[in-house]
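**Student:** So the sequences go chain by chain: A and B. Note that the first sequence covers residues 786 to 1264 in my numbering. Note that the second sequence covers residues 690 to 1132 in my numbering.
Be careful, since some hints might not be right.
Far from chain A by the CB rule (all over 10 Å, computed), these chain B residues [claimed, not checked]:
no., residue
1, 754
2, 760
3, 825
4, 874
5, 880
6, 915
7, 947
8, 968
9, 1004
10, 1039
11, 1043
12, 1084
Distance ranges between label pairs, derived from CB positions [to be verified]:
no., chain 1, residue 1, chain 2, residue 2, range
13, A, 1014, B, 776, 31 to 41 Å
14, A, 1140, B, 912, 51 to 61 Å
15, B, 757, A, 1233, 51 to 61 Å
16, A, 883, B, 919, 19 to 29 Å
17, A, 789, B, 739, 45 to 55 Å
18, A, 1249, B, 917, 52 to 62 Å
Output of the computed footprint for chain B on chain A, the stretches with three or more beta carbons under 8 Å from beta carbons of chain B [said to hold, decoys possible]:
no., stretch
19, 912-926
20, 1065-1071
21, 1175-1188
22, 1213-1220
Don't read these hints as lab results, they were simulated from the structure. Glycine included, each C-beta is placed from N, C-alpha and C at the ideal position.
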Amino acid sequence: MSRNLLLLLVLAGLLGLAAAAGILSVPVRTGELGVLGETITSPPRGLRDLVLGLGVLVLGAWIFGELLSVVRLPRICGYLLFGVLVGPDAATWRPDWFPDILGSEQLAYVKLVDGLAIAVIAFVAGGEIRLGELRAIAAKVAGIVGLHAVVVFSGMALVTSLVILPMVPGLAGEDGEGPGIVPALIVGTIAMAISPAVLIAVIKDARARGPVSRISLTSAIMVDLVLITTFTVLMFAVVRFGGGEGGGDLLPLAGGLAWHLLGSVLVGGVIGGMILWISRAVPEQLDALVLLAAFGIAVIGEFLHVAPLLVGLSAGIAQANLAGHNADLERSAERLLLPVCCVFFAVAGAGVHLGDLPSLWPAVLVIVGCRAALITGAAGIGTRLVGFDPPVRRWLWACFISQAGLSIALVGEVRRNLPDAAWAGELATLLLAVITIHELVGPLLMRFGLAKAGEVDAVEREHASESAGSTDSGREVAT
Amino acid sequence: MIAALLIAADGVPTAAGGGDGVPIGFRIFLAVLALGGLAIAAGTPFSRRLHRNRAVAALSAGGWFAVLAGIALGPVGLDLVDEGIFSGLRPLVVVALGWVGLIVGLQARWKILQAVPGVIWTWTVKDAAMSALVAASLGAIVLGLAVENAFAHPAALFAPLATLAAANLSWAPETRSLRVELSDRTRRIATLIAAAAGLSAIVAIALAGLASLPVRADGIASTLDPLLGGRRLAVLLATAAVVGIGARFLLSMVERDSPQMLVVVVGFVCIVAGVADAAGISPLLSGLLAGVVLANLSTGPLRNLESVLHRGETAGGMLLYGFAGVLVSVDSGWAPLALGFAIAATRILLKPFTLGQSMRLAREELPTNTPLRLASVRQAPLAVAVAIALVLVEDSTLARTLLTAVVIAGLASGLAAPLQSWQQRSSTAPTSDSKSDLNEATS
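Required output: the full structure, derived from the provided sequences and hints.
**Tutor:** Put into structure tokens, the structure is as follows:
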């Protein structure tokens, strides 16, 4: 029996188990009196099914990834697709016999691991960055990022004002007192976003190494900084001058923003140093240490109002560049990356809003197409201006298409900051549909670009040539 | 440090807008930091050096530190982990129980069971019957005295008493903390003790898990429903078959890839534990059955699986002890205290007796003053897991009372054995102590 058929059989077995467990599910009881007069409490349904849902999600996403890798597609697409398949939005399309693995209630619980996953992904990415190498390309990357931000922001704002606003009447507001160009500015800002998490996952999956991988990852991180800054300023302006809730003074906003960025780096640096120090004392518990640190980063991020992505990244950079760097710690984090990615991207897939696509598809297609064109143009011009090599010039754009966690979080922020604006709800729906497309298409394009740039499987090729080199030198010594 | 963080966090506004509470995510983090930190600290070289001290080794083997940490974090102590937080941490407990069940189940390889000497089987069966009977009787007496009309609904007592009986089986398999004098004879005896403990662990999980299968609890009247029991058992067997066969195939596929191996192991542990939790069954039993199937289907990839599972053993054990401490109930009055100490007392009286009898059957003469005589007095760490599984299946005050009794019995018996051993040693002249560690390799 072929390997792929066996994988499908295992998956079918897992889905069958989930269905069987669902049939036998126990009733929820809260505060009932038992026969002995004692209090009986059972957890909510979503919490009770959570562990099973997680198990099926991890294995199912991984199996889907493996099956897609057979046809040379990125595994991350498999993780996303499995998430879409078992997510709450696909419930209406699924056959009746299909088990309810990840309903809205479970999804809310599983989303709690998002912060942890982002911290692990960022920690691994940070571990790849050597400050010496970064310094050499920082100025050039800053040029590319600057151009990307200006071109994509202004271009998308213009396209939204001229084309999208007339296409989607709900965005114009009621009674002629519409939001003006605010939706256009928000679309422009969120269109800038590139997902570093997707980039890291695709690079790891493709075992890619080379200038396109390195420059795209560094650029994505810098774009995140620009994006967070722009979005915070924009939201402040909209809330302050547009009559939304929570308006305030500019000074606290600037302070908050500075803390959000610099504080993240500072907290991450401290955590990275601490992890490195503790890792030397507990060489056998590194997996637990990395998970504990990632959990800490996720929680502290919310508590101290810092960005888990930046904290994790700074922690990774700190531990990789400080004296006495622990290679075992990095290996441990990389080992954990695969299960974390399976859960993270499957959850992202499960959160995809499939129901919004049919009604909004013309506007969605316009935004997706224009964004892709602007990104391609900006990346092409930018890389030429700063003098990067031809593979980077030709294929860097392919790495800039994907969007995921941060973009979705920012859309959530728009709704949270403007709870009374009907247009904000409409805009959020439109943006989520756009991000869905980028979520699904981005990894495919990136893998394609990396393959064209000759960077796929470069890690294995390097190892092979190293071992061949060492064998040759061994032979020479023997001779 | 935790207390300092807690105090610092107290002034931080919560999501609800108040300034008088600690955000729930942060409290969960502090709880995990405390328990996880303890688990990580247990693996440090410093901790290993500390364990050379007899008192520290005895306290640690009995789970004292982790249980006390749990009590300090729980409602009895700082109230950092209240019901809401425990609810958030519940999935972690479910996974840990499935993990433990799988580790125990993997020991039940048919070839190994066939090689187990007859004397171990006899000892296990005798001890199981006697211990279960004693614990269940003590439980029934104490509950009869403490709870009004306790026997009006015997079905409601069925699973709790079976759990209490199961928790009283087995004993701690390690003998290092007893500081036994090393010789061929003591080494052989320690091996027998560990082997019988392993076998008893399988019986304990099976007894507690199977007893809870037919119980239909709907609040008004708990009844025994054999049909429900049969359906639950069928789901468990199906889970064991799917996981066993699926894991065998996937493990051989990812044998050389450490991250993929982790995905497969974590995924299957979650499924084994999750199916049980969703269906209201003990995750321990589900893990045990899956482990048994897996152990008897393959050999090669199992080594990798066991290495991944054992990597989390210390952390998992510490977490379960910690959670037991969190769940300890002080609202149940004298019942758990009386029950716990009564069980510990009967262990001190009965377990050495069955041990001695079995050694005579095995034609092994126990040295008169060896602490190994008391090895079977110490309650198995598994007992705590069995009691936590009862709380997970049905979180009632009765279940928590019994868990508290099991924790007390574990702490008391864990301390009693080394104390007696120390007393015996101090009353007789010590011989060479330089090589007195009976290596854990024997277990």
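**Student:** Are all C-beta atoms of chain A more than 10 Å from that of residue 1004 of chain B?
**Tutor:** Residue 1004 of chain B not clear of chain A: closest Cβ-Cβ about 5 Å, inside 10 Å.
**Student:** Against chain A, does residue 754 of chain B keep a CB gap of more than 10 Å to every residue?
**Tutor:** holds, 16 Å
**Student:** Just checking, residue 1043 of chain B versus chain A, shortest CB gap more than 10 Å?
**Tutor:** holds, 33 Å
**Student:** Report holds or violated for chain B covering the stretch 1175-1188 of chain A, Cβ cut-off 8 Å, minimum 3 residues.
**Tutor:** violated (count 0)
**Student:** Honestly, do residue 1014 of chain A and residue 776 of chain B meet the 31 to 41 Å range at C-beta?
**Tutor:** holds, 38 Å
**Student:** Holds or violated: is the Cβ of residue 915 of chain B farther than 10 Å from all Cβ atoms of chain A?
**Tutor:** holds, 15 Å
**Student:** State, for the Cβ atoms of residue 1249 of chain A and residue 917 of chain B, whether the hinted interval 52 to 62 Å holds or is violated.
**Tutor:** Holds, since residue 1249 of chain A and residue 917 of chain B (Cβ atoms, about 58 Å apart) stay within the stated range.
**Student:** According to the definition I'm using, a residue is off the interface if its beta carbon is farther than 10 Å from all beta carbons of the partner; does residue 968 of chain B meet that for chain A?
**Tutor:** violated, 4 Å
**Student:** Evaluate the condition: distance from the CB of residue 825 of chain B to the nearest CB of chain A exceeds 10 Å.
**Tutor:** holds, 16 Å
**Student:** State whether the coverage of the stretch 912-926 of chain A by chain B holds or is violated, taking the criterion as 3 or more residues with Cβ-Cβ distances under 8 Å.
**Tutor:** Answer violated; 0 residues pass the 8 Å Cβ test.
**Student:** Just tell me: holds or violated, for the beta carbon distance of residue 757 of chain B and residue 1233 of chain A against 51 to 61 Å?
**Tutor:** Since the Cβ atoms of residue 757 of chain B and residue 1233 of chain A sit about 57 Å apart, the hinted range of 51 to 61 Å holds.
**Student:** Is it correct that the beta-carbon of residue 947 of chain B has no partner in chain A closer than or equal to 10 Å?
**Tutor:** violated, 5 Å
Violated hints for the displayed structure, listed by number in ascending order: 7, 8, 9, 12, 14, 19, 21, 22.
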